[in-house]
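The primary structure of each chain is shown beneath.
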Amino acid sequence: MKRILALLAISLGIVSFTAAAHGPSPQKVEKTITIKADPAKVWAIVKDFSAIHQWHPGVASTKVEKVGDDTFRTLTFKNGGNVYEKLRSIDDASMKIKYEIVSGTLPLTDYNATMTVTPGDNPGETKVVWMARFYRLYKLNPPIPEGQDDATAISAITGIFDSGLANLKTVAESAK
Amino acid sequence: MLTNTSCILAPRPTQANFAYISNQGENSVSAINTSTNRVIKTIAVGTAPVGVAVSSTLHRAYISNVESQDITIINTQNHMVIGTIKVHGSPVGLALSPDSKTLYVADWFTNRVLAINTHHTEIVRALIIADAPAGLVVSPDNQLLYVANRDSNDVAIIDTATLTIKQRINVGKHPYGIALSSSGIWLALVNVQDDSVSLINTNNQVQQQFKVGYHPYCVAFSLDDKTLYITNTQDDSVTVIDIATKKTIATIAVGNTPEGISLDHEHAYVANWGSSNVSVIDLHTNKVVATIKTGEKSRAFGQFIIHQ
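The listed protein sequences derive, respectively, from chains W and B.
Last residue of the first sequence: 183 (this note's numbering), numbering continuous.
Last residue of the second sequence: 339 (this note's numbering), numbering continuous.
FYI, nobody ran anything at the bench for these hints, they're computed from the structure.
Incorrect hints may appear among the rest.
Said to hold, decoys possible - Each computed EDC-like pair below joins lysine to aspartate or glutamate, with the alpha-carbon atoms no more than 16 angstroms apart:
id : chain 1 : residue 1 : chain 2 : residue 2
1  : W       : Lys38     : B       : Glu327
2  : W       : Lys54     : W       : Asp128
3  : W       : Lys35     : W       : Asp156
4  : W       : Lys176    : W       : Glu132
5  : B       : Lys204    : B       : Asp172
6  : B       : Lys204    : W       : Asp117
7  : W       : Lys146    : B       : Asp182
8  : B       : Lys204    : B       : Asp182
9  : W       : Lys146    : B       : Asp273
10 : W       : Lys43     : W       : Glu132
11 : W       : Lys35     : W       : Asp117
12 : W       : Lys73     : W       : Asp99
13 : W       : Lys146    : W       : Asp99
14 : W       : Lys134    : W       : Asp76
15 : B       : Lys132    : B       : Asp172
16 : W       : Lys93     : W       : Asp55
17 : B       : Lys278    : B       : Asp256
18 : W       : Lys146    : B       : Asp162
19 : W       : Lys35     : B       : Glu57
20 : W       : Lys35     : B       : Glu327
21 : W       : Lys43     : W       : Asp128
Small disclaimer: the values here were computed from a predicted structure and weren't measured.
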């Protein structure tokens, strides 16, 4: 299945992340939201690697597969793009989930991300931090082609994080 | 307790050691006094600073700015910027010769190593080397320069007198950070995509590889040559390896996405890119004893502690 996906990726001309060189400076997007719900409840939503479409408004569907001991998911975006991601770890003690992008249509490379859930400043509140590290698509020196620069990559992830966290708050605060 | 008068008459010997931490996200360098673990000055440099090299002989710190394609020179006695060296390329790794006469620069995109005369910075020798040169280090006898070539998966050994390649050693996938032990006998480098560190005996070039954490980035030796410290960017940790027994003796949780690491006699300083701070590890206990807020996206790639 992984091989088929890889072949599909090549034939569709989408970005492959494996063993590719990248730009010199890693980029970061870090977003935080405070949710009026208990940390355990929020963590139960966040840690479910197979259910991001249930709270992220930009994700149409999630398809999970196991390859040996590894877990992957394919997210299909409502705008038509997609991304193939590998689960790195789920840590219940520190309420932290880590994953990385294997391939996809987003304009970036070498992407890895962490979502961390912590108790908020007040009882019954939770803080969620979503942080990603990645590189721009263009691997060489300036001039950098339009759409392959740092700003494009940062903007894509900022959009995904902002809309995702806003709706995570709505979903977590309305869920019983 | 001494009286005030005797304090004035017998001041502590001035031993000012500083760590220079490049902050990619705010184009600055944090100068940390390592006896107080406080940032004493934040210095504006070029765009997207990454590499650091220091010279106690010259009282200089050199900072590579990969996006503005230049190198900032800092006077380490007053932490003032005293010059900029323009580089037509993408400077990443920096290393000084032991006599401080030559600054070596790894140029990421044009696949060159530059050798800049530190007294006459317009005098530059260049060598086309391999794909994406990253970390580099000079032997204590000043004869050899070792360069980790990230996309060639090898280490080049360069004759510093002629600036020619003597030899290449194949290592793991994507070698990046590199270090030599004080004696010059051990060469260590991380293989980012193999999650390993290569330890090479420079006398016979026998190579051992050790598994470390996820996506290691940089490596440093203890000053007694006995221990290796490796930052694992994606595990937010530092692996400690005892060289004699070839065993991992500690895995230390540090800040988020640790990159650069340098050691003095007592402590390891770790620059955390993700959490924009520095973790200070006690080398006797292998525990974090201080966390110092620096600037946005701290990298500090290279040997960044000066003893002057």
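If any of the earlier hints don't hold here, list their numbers in rising order. 2, 5, 9, 12, 13, 14
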